[in-house]
Amino acid sequence: GQQVMQIPQYQHVQEGEDFTTYCNSSTTLSNIQWYKQRPGGHPVFLIQLVKSGEVKKQKRLTFQFGEAKKNSSLHITATQTTDVGTYFCAGVLRDTGRRALTFGSGTRLQVQP
Amino acid sequence: SQTIHQWPATLVQPVGSPLSLECTVEGTSNPNLYWYRQAAGRGLQLLFYSVGIGQISSEVPQNLSASRPQDRQFILSSKKLLLSDSGFYLCAWSHGGDTQYFGPGTRLTVL
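These protein sequences, in sequence, are chains A and B.
Be aware that the first sequence starts at 1, since it is given in the numbering used here, and climbs by one per residue.
Be aware that the second sequence starts at 1, since it is given in the numbering used here, and climbs by one per residue.
Just so you know, these hints were derived from the structure itself, not from any lab.
Among the hints, a few may not be true.
[Unchecked claim] Cβ-to-Cβ under 10 Å is the rule here; a few derived chain A residues that face chain B: (1) Gln-48; (2) Thr-86; (3) Phe-88; (4) Thr-102; (5) Phe-103; (6) Gly-104; (7) Arg-108.
[Claimed, not checked] Below, a sample of chain B positions facing chain A; criterion: calculated Cβ distance under 10 Å: (8) Trp-7; (9) Pro-8; (10) Asn-32; (11) Tyr-36; (12) Gln-38; (13) Gly-54; (14) Ser-94; (15) Gln-100; (16) Gly-105.
[Claimed, not checked] Have a look at the derived ranges for each label pair, beta carbon to beta carbon: (17) A/Gln-14 with B/Ser-77: 42 to 48 Å; (18) A/Thr-62 with B/Leu-11: 25 to 31 Å; (19) A/Arg-60 with B/Glu-26: 43 to 49 Å; (20) A/Thr-82 with B/Gly-52: 35 to 41 Å; (21) A/Met-5 with B/Ser-67: 28 to 34 Å; (22) A/Asp-18 with B/Gly-41: 19 to 25 Å; (23) B/Ser-67 with A/His-12: 39 to 45 Å; (24) B/Gly-16 with A/Lys-59: 48 to 54 Å; (25) B/Gly-52 with A/Gln-3: 22 to 28 Å; (26) A/Met-5 with B/Gly-27: 16 to 22 Å; (27) A/Lys-59 with B/His-95: 46 to 52 Å; (28) A/Gly-41 with B/Pro-69: 41 to 47 Å; (29) B/His-95 with A/Gln-80: 16 to 22 Å.
Every residue gets a Cβ at the ideal spot worked out from N, C-alpha and C, and that includes glycine.
Please put together the full structure from these sequences, using the hints given.
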């Protein structure tokens, strides 16, 4: 069935290192959203990308939406301990009749100080 | 501004007991409402979503049910809990396919 996968499932980095998580869908997405969930907390919306090839930046975070609108990435430059958490991508699968967001499996980031 | 409430925050229930989790949204009307379950260290599993009063779509067959008695109230229920029902239950709202705003969640432990 249609699903949204993320890799890696888990990454452990030293503070100051870069981090990237990749999101891949089996179906074209109408848009892609990214959420962050801190340990013990609930997911919080970070950003939405709509256009093919779109790139957006939020301070040290860079988000990209693929040309085919089937994949996306989140890159964090020079990680900090405040970046710890699980990052989820989510999108509306086009041409499926499904109106709800489909969430990716998530990437858990651990940052060693 | 919009806020979303969930209660209780934590719950410990014996196997076979009933369940009722409540979610309410303030500051918006006609929201889409969602129930998710998250097992420890895992992703978000969509259980139910609702686009209006009395309209519930079930994503996964299970012993849980959902109801939406009022526009901004969403209830998750079970008649008999199973051990596998343990998890972190999250309610969320949105308008259309837009951003979802999550409540603080309920941690359910079934013993």
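B/Ser-67 paired with A/His-12, Cβ distance criterion 39 to 45 Å: Distance hint for B/Ser-67, A/His-12 holds at roughly 42 Å.
Status of the hint placing A/Gln-48 at chain B (closest C-beta pair under 10 Å): holds (7 Å)
Verdict for B/Gly-16, A/Lys-59 (Cβ pair) under range 48 to 54 Å: Holds, at about 50 Å.
Hint status (Cβ of B/Gln-100 to nearest Cβ of chain A, threshold 10 Å): Holds: closest Cβ of chain A sits about 6 Å from B/Gln-100, inside 10 Å.
Beta-carbon spacing of B/His-95 to A/Gln-80 - inside the hinted bounds 16 to 22 Å or not: At roughly 33 Å between Cβ atoms, A/Gln-80 and B/His-95 fall outside 16 to 22 Å, so the hint is violated.
41 to 47 Å as the expected CB spacing between B/Pro-69 and A/Gly-41, which holds or is violated: The hint (41 to 47 Å, Cβ to Cβ) is violated, given that A/Gly-41 and B/Pro-69 are roughly 28 Å apart.
Interface hint outcome for A/Gly-104 [beta carbon to chain B under 10 Å]: holds (7 Å)
Pairwise beta carbon distance, A/Lys-59 to B/His-95, judged against the given window 46 to 52 Å: Given range 46 to 52 Å: violated, Cβ gap about 27 Å.
A/Asp-18 versus B/Gly-41 beta-carbon gap, inside 19 to 25 Å or not: At 24 Å between Cβs, range holds.
Interface hint for B/Gly-105, Cβ within 10 Å of any Cβ on chain A: The hint holds - B/Gly-105 has a Cβ within 10 Å of chain A, the shortest such distance being about 5 Å.
Status of the hint placing A/Thr-86 at chain B (closest C-beta pair under 10 Å): Since chain B brings a Cβ to about 8 Å from A/Thr-86, closer than 10 Å, the hint holds.
Range hint compliance [Cβ, A/Thr-82 to B/Gly-52, 35 to 41 Å]: holds (39 Å)
Hints 8, 9, 13, 18, 19, 26, 27, 28, 29 from the list above are not met by this structure, while the remaining hints are.
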